[in-house]
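There are 2 protein chains.
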Amino acid sequence: MFTIKELQNKIDLTLSAQKFEGNPPLLYEPIKYTLSQGGKRLRPLLTLLACDLFDGNIENAVYPAIGLEIFHNFTLLHDDIMDKAPIRRGKETVYKKWNTNIAILSGDTMFALAYEFMLNTDNKVIPQILPVLNQTAREVCEGQQFDMDFETQDNVSIADYIEMIRLKTAVLLGGSLKIGALIGGATPENADYLYNFGINIGLAFQLKDDLLDVFSDVEKFGKMTGGDILTNKKTFLYLKAYELAKNEELQNLNYYFNLPESEGTQKINGVKSVYNTLNIEQLTVDEMKNYYDLALLEFDKINISEDKKQNLLDFAKLLMDRES
Amino acid sequence: MFTIKELQNKIDLTLSAQKFEGNPPLLYEPIKYTLSQGGKRLRPLLTLLACDLFDGNIENAVYPAIGLEIFHNFTLLHDDIMDKAPIRRGKETVYKKWNTNIAILSGDTMFALAYEFMLNTDNKVIPQILPVLNQTAREVCEGQQFDMDFETQDNVSIADYIEMIRLKTAVLLGGSLKIGALIGGATPENADYLYNFGINIGLAFQLKDDLLDVFSDVEKFGKMTGGDILTNKKTFLYLKAYELAKNEELQNLNYYFNLPESEGTQKINGVKSVYNTLNIEQLTVDEMKNYYDLALLEFDKINISEDKKQNLLDFAKLLMDRES
Numbered sequence: 013m014f015t016i017k018e019l020q021n022k023i024d025l026t027l028s029a030q031k032f033e034g035n036p037p038l039l040y041e042p043i044k045y046t047l048s049q050g051g052k053r054l055r056p057l058l059t060l061l062a063c064d065l066f067d068g069n070i071e072n073a074v075y076p077a078i079g080l081e082i083f084h085n086f087t088l089l090h091d092d093i094m095d096k097a098p099i100r101r102g103k104e105t106v107y108k109k110w111n112t113n114i115a116i117l118s119g120d121t122m123f124a125l126a127y128e129f130m131l132n133t134d135n136k137v138i139p140q141i142l143p144v145l146n147q148t149a150r151e152v153c154e155g156q157q158f159d160m161d162f163e164t165q166d167n168v169s170i171a172d173y174i175e176m177i178r179l180k181t182a183v184l185l186g187g188s189l190k191i192g193a194l195i196g197g198a199t200p201e202n203a204d205y206l207y208n209f210g211i212n213i214g215l216a217f218q219l220k221d222d223l224l225d226v227f228s229d230v231e232k233f234g235k236m237t238g239g240d241i242l243t244n245k246k247t248f249l250y251l252k253a254y255e256l257a258k259n260e261e262l263q264n265l266n267y268y269f270n271l272p273e274s275e276g277t278q279k280i281n282g283v284k285s286v287y288n289t290l291n292i293e294q295l296t297v298d299e300m301k302n303y304y305d306l307a308l309l310e311f312d313k314i315n316i317s318e319d320k321k322q323n324l325l326d327f328a329k330l331l332m333d334r335e336s
Numbered sequence: 013m014f015t016i017k018e019l020q021n022k023i024d025l026t027l028s029a030q031k032f033e034g035n036p037p038l039l040y041e042p043i044k045y046t047l048s049q050g051g052k053r054l055r056p057l058l059t060l061l062a063c064d065l066f067d068g069n070i071e072n073a074v075y076p077a078i079g080l081e082i083f084h085n086f087t088l089l090h091d092d093i094m095d096k097a098p099i100r101r102g103k104e105t106v107y108k109k110w111n112t113n114i115a116i117l118s119g120d121t122m123f124a125l126a127y128e129f130m131l132n133t134d135n136k137v138i139p140q141i142l143p144v145l146n147q148t149a150r151e152v153c154e155g156q157q158f159d160m161d162f163e164t165q166d167n168v169s170i171a172d173y174i175e176m177i178r179l180k181t182a183v184l185l186g187g188s189l190k191i192g193a194l195i196g197g198a199t200p201e202n203a204d205y206l207y208n209f210g211i212n213i214g215l216a217f218q219l220k221d222d223l224l225d226v227f228s229d230v231e232k233f234g235k236m237t238g239g240d241i242l243t244n245k246k247t248f249l250y251l252k253a254y255e256l257a258k259n260e261e262l263q264n265l266n267y268y269f270n271l272p273e274s275e276g277t278q279k280i281n282g283v284k285s286v287y288n289t290l291n292i293e294q295l296t297v298d299e300m301k302n303y304y305d306l307a308l309l310e311f312d313k314i315n316i317s318e319d320k321k322q323n324l325l326d327f328a329k330l331l332m333d334r335e336s
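So the protein sequences, as listed, match chains A and B. Here the numbering used here is used: the first sequence runs in plain steps of one and ends on residue 336. Here the numbering used here is used: the second sequence runs in plain steps of one and ends on residue 336.
There may be inaccurate statements among the hints.
[Unchecked claim] Cβ pair distances, simulated, as ranges: (1) A:Phe233 / B:Gln165: 57 to 67 angstroms; (2) B:Leu325 / A:Asn21: 19 to 29 angstroms; (3) A:Asn21 / B:Gln165: 41 to 51 angstroms; (4) B:Leu25 / A:Leu330: 47 to 57 angstroms.
Just so you know, these hints were derived from the structure itself, not from any lab. Note that the Cβ used here is the ideal one computed from N, Cα and C, for glycine as well.
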């Protein structure tokens, strides 16, 4: 078994050994730029942890793992065009630095590259792991479309929101684990339990993201908080507040969410004070814990010795306790 | 062996049996719309012809064949955004009918769908055929980027142009044939000969397209001619004319290409008269025949009986002789 640190090193070394160069340069430079911006490398780490959980050879999993990181970065690249996001990880986004056409096309190329990396493994698992990526890719697109639809939709329920983040975020975490498990030789049942673990961890992970955006310590978080409030994003916190707010609280919520971005400080503080009155932080933590517990129940079903399970359990806990 | 007509029917029936429905509707409606616009269905036909050439079971090839058609339509969908093309096959393009974000995302979903269809075949050929699609997909993106680069580039040579159309158009024809051949049980050598046949047919096919845009009979062509001249597109005809034009012809070429689109008739007629003086139509036909002959040389190397080869030879001839 490997430590988390060893697996992270394996990913960093393999990724930094890739050239991502080619012709025409305007197609490949944005790819190199995107993949050298850092990031948590969460998805490839899940793939290697899953492979290692079943005593698989991580050499067979490392290229598919990198493929999943490339796929994830492709989705971010296209999302940034759609969301008109100027900055990602502190740097200009590709469509801002170059232009929309180049961002569309270098994104498409990354999607193809993701599949190239996926094939660099044992031939006999290819027909098992590719359907996982295919389904995941389609569902991530569905999630992004739901997210865009919600912007102009008035009647978004919390159930709708959970389904959206399942598709947009959780399935790729589940898929990364399942692909690693299959490469590692897991039975289909164990691979599915791990997938379900990943889905629930993914939901909890996104709820934690929603929380951090509002309630984190700015210094530890590393970026401005309140961005979701500023843009009236329909997060779990927003939807829960609207579910609970009555009378004066409802008026206040409407008042502050209708303030323009130019009155940002007043808007953020106003919404946060309603959230505090309604106990939204604790309710979100409870919901997060709920999915975390569901994840652990799924993990329990996996039929292998407990000592092998410790790495993934530690890592899941780390994701829940993170402050950025 | 099947007739071309039987294979075309197989493709049409299989494609029209697909639902392409799902949630959210804004993601799937553009996919259904795109795939119901018709088109020559050239790429899936090449896949089935290639499978049949080697006495393969076309049931194993028909879903990958549809996958290649979906992939092709995905590239058109994204290209239309980049090229700001309002009309395709007589209908509004997706980004015009819906919007750019929806066109980006439904295109991405089609890319994932293409891979889903590709896996619906005999498991043992999957590790052979997927690298062909991966390489093809990346090269098609490279071709589109070169094409966009050429718009603002002054020193495009005919060799540059041929390399661009090899990537943008020919590799997908070659790839469709190779995938069909591999599913049909061809040896790697025979599959590669067929790929090279497809590359050369693809180059000839694109030169024919360039020719038809300028010199076709409008009624048979089914749409306006001269579009490439109007937009100063650097086609084989344009580049050959600039290679040959001297003195007065060069002045005329510059004069007419510098006319605005609003003086379309004068612009098209002026450029065509220079093309006629320089014998550009015949020179393009010669170049086309040159690639067609190279294609036949590659086809000759395929080690199977001559009677089985007739279908593909007939079809290649049809592509060269087409009037639209």
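Results for each hint:
no., hint, result
1, A:Phe233 / B:Gln165: 57 to 67 angstroms, "violated, 45 angstroms"
2, B:Leu325 / A:Asn21: 19 to 29 angstroms, "violated, 56 angstroms"
3, A:Asn21 / B:Gln165: 41 to 51 angstroms, "holds, 43 angstroms"
4, B:Leu25 / A:Leu330: 47 to 57 angstroms, "holds, 53 angstroms"
Violated hints, in rising order: 1 and 2; the structure is consistent with all others.
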